[in-house]
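**Q** Residue numbers (the working numbering), protein chains in the order written: chain Z, 689 to 991; chain B, 648 to 955.
Think of the hints as simulated: they come from the structure by calculation, not from any bench. Being a predicted model, the structure only gives us computed values, none of them experimental. There is no bait here: all hints are sound.
The list that follows gives simulated cross-link-like pairs (lysine-lysine, BS3-like), each with its CA atoms no further than 30 Å apart:
hint, chain 1, residue 1, chain 2, residue 2
1, Z, K903, B, K887
2, Z, K882, Z, K706
3, Z, K903, B, K935
4, Z, K690, Z, K877
5, B, K887, B, K849
6, B, K703, Z, K737
Examples of chain B residues lying across from chain Z (beta carbon under 8 Å, computed):
hint, residue
7, D663
8, W669
9, S670
10, Q705
11, A785
12, D844
13, E865
14, D888
15, A889
These stretches of chain Z come out as covered by chain B in the derived footprint (C-beta under 8 Å, 3 or more residues):
hint, segment
16, 727 to 739
17, 785 to 793
18, 945 to 955
Yeah, the Cβ is synthetic: ideal placement off N, Cα and C, and Gly gets one too.
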Amino acid sequence: MKTELDLYDYWAYRDRPKIEWPNGAKLAFWVAPNIEFYELNPPENPFRKPWPHPYPAVPGYSIRDYGNRVGHQRQMALLDKYGIRGSISLSAALCDHHPEIIDLCTERNWEFFSHGIYNTRYTYGLTEDEERAMIEDAMATIEKATGKRPAGYLAPALSHSDHTVDLFAEAGGIYTCDLFHDDQPTPVKTRSGKRFVSIPYSLELNDTIAFVVQKMEPRRYAQTIMRAFDELLAEGAQSGTVMCIPTHNYQVSCPHRIRAFEEALEYITGHSDVWVTTGREIAEYYLEHYYDTAQSTIEEARR
Amino acid sequence: MSNPLLDYPERHYGMDHDRYNWSMLQDREPIFWPENKPLALWININLQHFPLSGEKPQAAPPGALTMPYPDLRHYTLRDYGNRVGIYRLLREIERAKATVSFAISGALTEHRPTLIEHLKSLPFEWLGHSWNMLCMQAGAVEPNRELQWITQTKAALEQAGDRRIAGWFSPGRLQTKQTPELLAQARFKYHCDWVNDELPYKFNTDSGSLICLPSSLELDDVFVLSQNLHSEDSLEEQIKDAADALISEAQATSSGRLLCLNFHPWMMGQPHRIGTFRRILRYLLTDKGDLVWNASPSMIIEASGMHP
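Chain Z on its own, in the form it takes in the complex (with noise of 0.2 Å):
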């Protein structure tokens, strides 16, 4: 095991290269429904337990499900109120399960990345052949279900190995939603040496984090989200910033929640200097204006 994380170079948050995103826009904003599927018998995985009650754990599968069932289309009319494509964290095995699901995010041309095959399936307990195996199925199971090959990547449950993004990279993604160092879209330092980054997803705007974890009310929720692009739009007339609201569809899209996630989108898709768009096209506007630049200012740094 490492003691340090070595993909990245430090780099602090002041006197960046500034970052412009299209039509002068200072923030990229955007929005990534996490749309899983949980097993309710999954394998026993030595180092993690996929529910906290004895099979069948009714309360955890069964909330999962109502997310897929009533909350996918609920949030997805939301987004399309707002004039806002989803960027999809997908378990790969759901265009099994669930193509219809598939097809109508696929209409509406919003993207899809990959979150593994289930998120009952961690990458714990994996070889370095297994794990790339499953990276390889899972793309290989979103690109046959939508017709294009996923350009990003969480892993599933935010389970991970030491390879897990070098393999990542190797498979022809582009960026990683895994993560949490930054506001901006940083180079990722990989093995195969590729043109690869990291997009800011967000655990603190998260909304299973902020329900469950944080056990925040739904206003202070919008509150949360509503007071973090204030300043990360402000910041970004220096230099460019991101921003994400990673959701789930059995969290915001619940009745009681949704009216106030409206009012925060409401209010964000209100101002005109922003970028409201998906997580590969930050990644390839990035990559084509501002990562070689990114790469030798950080270099220089380090002399």
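Chain Z is fixed; fit chain B onto it per the hints.
**A** Same frame as chain Z, now just chain B:
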């Protein structure tokens, strides 16, 4: 690949089990409630018996006793619900002319017969809520033992209440792997434990089919106030927001929606919370009264066109 962690025997269309069919709420035939009201409202009250001692279940229910024996603080605080809290709730229910249902621990027929006698005089549906709050349907419970909890509860409630018991609400909304079969064998028509939908749906068992009328865990008073530690004002706001969101969705899609609420007399019947309960009922039944059809669970199942 030989690693079972990469073996996916249930990776195919639909669910990864055969308890029910996969379907999305918004893709189903529209539902029309009586008087064409957009929102049906089910209000359930859980009446629970927590024994002072007994064998610990594999999963503790919300509100379980936690202290070394004798745990007077939790025993008496739960009993408060059955002595004081419930009568406060009933006063408000009567004032608001609300329709509610009671999910009742069977053991209350023996331990609190005066309460049961009073509930019998009210025109509300009763549901089985296991024998007591140690009879948890969680993990490896011997099927005959679980069946006895179910049948004993049904018989005691039917006899004491002089009414048919068609619905089952497991404590903690937990089930064993055989619970649905046992409920079907005991001739229950519906259960409320899988919170995966907002409308009743058909639930398969090896002993015939049931209906699942999904209750809402997320708006349960104990979940919101005691697990999430939200304020009473936030609970009220969340319930109002939920009702408003469901009414708008029902109107936009021309199909009825359903709001399920769940209250515990030992939680909501406290003097500092009863005002919240009163305001919730007033909002749903007076302010939004023209849009809300408040009914019993069996009436809601029937109106949704479900037949077990």
